[in-house]
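Peer 1: From first to last, the protein sequence lines are chains A and B.
Reading the first sequence from the start, the letters are residues 1 to 214 in the working numbering.
Reading the second sequence from the start, the letters are residues 1 to 473 in the working numbering.
Mixed in with the good hints, there may be bad ones.
Claimed, not checked - If the Cβ cut is set under 7 Å, some of the chain A residues that face chain B in the computed set are:
{"id": "1", "residue": "L8"}
{"id": "2", "residue": "A14"}
{"id": "3", "residue": "V32"}
{"id": "4", "residue": "R98"}
{"id": "5", "residue": "L195"}
To be verified - Per the computed footprint, the stretches of chain B lying under chain A, defined by three or more beta-carbons under 8 Å from a beta-carbon of chain A, are:
{"id": "6", "region": "11-20"}
{"id": "7", "region": "40-50"}
{"id": "8", "region": "103-116"}
{"id": "9", "region": "136-142"}
{"id": "10", "region": "240-250"}
{"id": "11", "region": "293-305"}
{"id": "12", "region": "374-388"}
Because the hints were derived from the structure by calculation, they are not lab data.
The beta carbon of each residue, even a glycine, is placed where N, CA and C say it ideally should be.
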Amino acid sequence: MNTREQILTDIRTALQRDSQSPIQPLSASARVASRVPGDAAAEMQMLFNEITKLGGVARHVPASELTRALEQLVQEQQIRRATCWNTPELAALDVPARLMQLGVQLVAPHADSRALAECDLGVTGVDLALPETGTLVLRSSADKPRAVSLLPRVHLALLSPAALCADLDAVFEQVKGEGYWVFITGPSRTADIELTVTIGVHGPKALYVWNIER
Amino acid sequence: MHIPERIDFSVNVQNVSPQIPHSVRRATTRFLGTRQVVVDVLGNERWQALRQAGHAIRLHTLEHLDYYLTRLEERVEAAGGIVHWARDAAEARRIVLDLTRARGVRRAVKVKSMATEEIGLNHTLQENGIAVVETDLGEFIIQLAGVGPSHIIVPAVHLTKEGIADLFTQKLGVPAPPDPLQLCALARTRLREEFLAADVGISGANFLVAETGTLVIVTNEGNGRMCTTLPPLHIAVVGIDKVVPDLNALNVLLKLLPRSATGQKMSAYTSFITGPRRTPQEGGPQEFHLILLDNGRTRILSDPLLRQTLLCIRCGVCLNVCPVYNHVGGHAYGFVYSGPIGAMLSTQLLGVRTAADLPFASSLCGACAEYCPVKIPIPEILLRLRRRVVEGDRIENAVAPLTLRASARVGAITLRLPWLYAIGTRILAFLQKPWQRDGWLTHLPPPLQRWTMVRPLPAFGANFRAWFRRRPK
Numbered sequence: 001m002n003t004r005e006q007i008l009t010d011i012r013t014a015l016q017r018d019s020q021s022p023i024q025p026l027s028a029s030a031r032v033a034s035r036v037p038g039d040a041a042a043e044m045q046m047l048f049n050e051i052t053k054l055g056g057v058a059r060h061v062p063a064s065e066l067t068r069a070l071e072q073l074v075q076e077q078q079i080r081r082a083t084c085w086n087t088p089e090l091a092a093l094d095v096p097a098r099l100m101q102l103g104v105q106l107v108a109p110h111a112d113s114r115a116l117a118e119c120d121l122g123v124t125g126v127d128l129a130l131p132e133t134g135t136l137v138l139r140s141s142a143d144k145p146r147a148v149s150l151l152p153r154v155h156l157a158l159l160s161p162a163a164l165c166a167d168l169d170a171v172f173e174q175v176k177g178e179g180y181w182v183f184i185t186g187p188s189r190t191a192d193i194e195l196t197v198t199i200g201v202h203g204p205k206a207l208y209v210w211n212i213e214r
Numbered sequence: 001m002h003i004p005e006r007i008d009f010s011v012n013v014q015n016v017s018p019q020i021p022h023s024v025r026r027a028t029t030r031f032l033g034t035r036q037v038v039v040d041v042l043g044n045e046r047w048q049a050l051r052q053a054g055h056a057i058r059l060h061t062l063e064h065l066d067y068y069l070t071r072l073e074e075r076v077e078a079a080g081g082i083v084h085w086a087r088d089a090a091e092a093r094r095i096v097l098d099l100t101r102a103r104g105v106r107r108a109v110k111v112k113s114m115a116t117e118e119i120g121l122n123h124t125l126q127e128n129g130i131a132v133v134e135t136d137l138g139e140f141i142i143q144l145a146g147v148g149p150s151h152i153i154v155p156a157v158h159l160t161k162e163g164i165a166d167l168f169t170q171k172l173g174v175p176a177p178p179d180p181l182q183l184c185a186l187a188r189t190r191l192r193e194e195f196l197a198a199d200v201g202i203s204g205a206n207f208l209v210a211e212t213g214t215l216v217i218v219t220n221e222g223n224g225r226m227c228t229t230l231p232p233l234h235i236a237v238v239g240i241d242k243v244v245p246d247l248n249a250l251n252v253l254l255k256l257l258p259r260s261a262t263g264q265k266m267s268a269y270t271s272f273i274t275g276p277r278r279t280p281q282e283g284g285p286q287e288f289h290l291i292l293l294d295n296g297r298t299r300i301l302s303d304p305l306l307r308q309t310l311l312c313i314r315c316g317v318c319l320n321v322c323p324v325y326n327h328v329g330g331h332a333y334g335f336v337y338s339g340p341i342g343a344m345l346s347t348q349l350l351g352v353r354t355a356a357d358l359p360f361a362s363s364l365c366g367a368c369a370e371y372c373p374v375k376i377p378i379p380e381i382l383l384r385l386r387r388r389v390v391e392g393d394r395i396e397n398a399v400a401p402l403t404l405r406a407s408a409r410v411g412a413i414t415l416r417l418p419w420l421y422a423i424g425t426r427i428l429a430f431l432q433k434p435w436q437r438d439g440w441l442t443h444l445p446p447p448l449q450r451w452t453m454v455r456p457l458p459a460f461g462a463n464f465r466a467w468f469r470r471r472p473k
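Isolated chain A (complex conformation):
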């Protein structure tokens, strides 16, 4: 008997089951009701509040003022090199072109890790968001490489109100079946040394979340 069979047999013996034993349904107490969302503005405000509490910077940016906001960010964080998701949403906002106009060097999002690690800024969209916890959900695909939100020093996430979900179940409903997704809740942090909260351990040191208003 191989290890797999042996472990399964041991489990079945311990539980007095066999491979044909029926699966009892989960009891009703295993379900909890989903959170009831407030109106759209209140939900967005809640998301902003949570992100701010965690040390992120969240704000509304009218599409017309995007260049100015980017300029401010580039100055504030001394951005010289950036990488950006290759999605239609970000392309429609002209993010790469605007950054280049500001003198920022652009690195392809699927460049190798060392090149991405040298970027000061990674720009991504936000696929889904959870206001209650201040969480951004980012998917992974050829146009949305995973490292863009991970390796650069600063992470800028551009959001649209349609991304907001009331609760986790709504998020899971949408991402189920995909190979990878990640929840990002504030910038990278630790409290491992004398419980002093320190921002920016291995992931980005700063997180900016902009709700682009059209």
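Given chain A, put chain B in place with the hints provided.
Peer 2: Chain B only, in chain A's frame:
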């Protein structure tokens, strides 16, 4: 991890340095404070409903563990991952070693994982010429210090910033000031290079979702994402108890875990990984291996009370509220798991011969059970384990399930047929003679000997029918 022949809790306690209770309590008080804030935001009613749901989900999963594990295996493999099964620590270490050797791995980065601590993986890899670096800041620190974790969530809780600065200066060869921010920056630079150069990322998992074959890793620093995104190979070593049925169940447990562990509504990063990358452009490992680790867990399943030990989601809140843990810190427990969960789990994983002291390392005050997010009846389990320490491990399965079932069947037939019953009692009274001592049966032959190891059986004596016929009318 080196496991002593016998964990002597009282000796360990005497070796606890005087600043430990101070730094431990500071940490646990902080965690409990932030936990209370996020629990209050949810409201007690919703929190209690979540705990009840968490308990029901975990128990249901354990009761159908074979089903959910095979389902998980099927889903992981459908996603292009490879599943391995390991009976014990040695087998798990061998699988990791074989995988890394076959691919010429020189450098490994690790995500904080209790399962890999439990099997002592780092030591084996290093012995075989593979450089292993722990990348969680706390684990990185204790790896430099050469000790095991003293808390499930903050493994370096026993060290001060001055101590850590000395350690960094000594081991990293750079002047390190006793300032958390600068120490952190030092570790970031040092580990960034490790992430980029590593040939393999090794992780555990917080949960495995059977429905989708998804591995869930909860971290704050981002090291979990680094280890599972950058190296071309990802190996996860996960206890078979970590499986949950589906994403609906995960929803509940993800609400309980960060709130109970660190008082966060959600940890900074939660990664959901199903198999290797699907396109080369998105990044991520080309190969994904999942090692399902038994290492004594199936043994724990057989007793319905003790089974509940495996409900644990490793949040560490039972350590934080435990008056004993707060006094002595994690190292006194002598194994990777400390506090009340250590007292329960280590005793069962290592056996009562090794860990006889641990079930007694508790005042049974019950605070842990009040706080446990999945409602493990910790004091009852500790009491059961105390009894086992006194009576010995052999009380396990006093009568083997097969024997029990066979005798129940024989009993049922006999009781249905009065004549057979009458003959049977006579035969038994005769058969027992060689083993009878002063009206007791103290040593029965196999397969019944397991019963008499634990307690003697009164000899069959009086014959009710005979007495009934003769009774005065």
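Peer 1: With reference to the structure, classify each hint as holding or not holding.
Peer 2: Status of the hints after comparison with the structure:
no.	hint	verdict
1	L8	holds (5 Å)
2	A14	holds (4 Å)
3	V32	holds (5 Å)
4	R98	violated (24 Å)
5	L195	holds (5 Å)
6	11-20	violated (count 0)
7	40-50	holds (count 3)
8	103-116	violated (count 0)
9	136-142	holds (count 4)
10	240-250	holds (count 6)
11	293-305	holds (count 5)
12	374-388	violated (count 0)
The structure fails hints 4, 6, 8, 12 (numbered hints given earlier, in ascending order).
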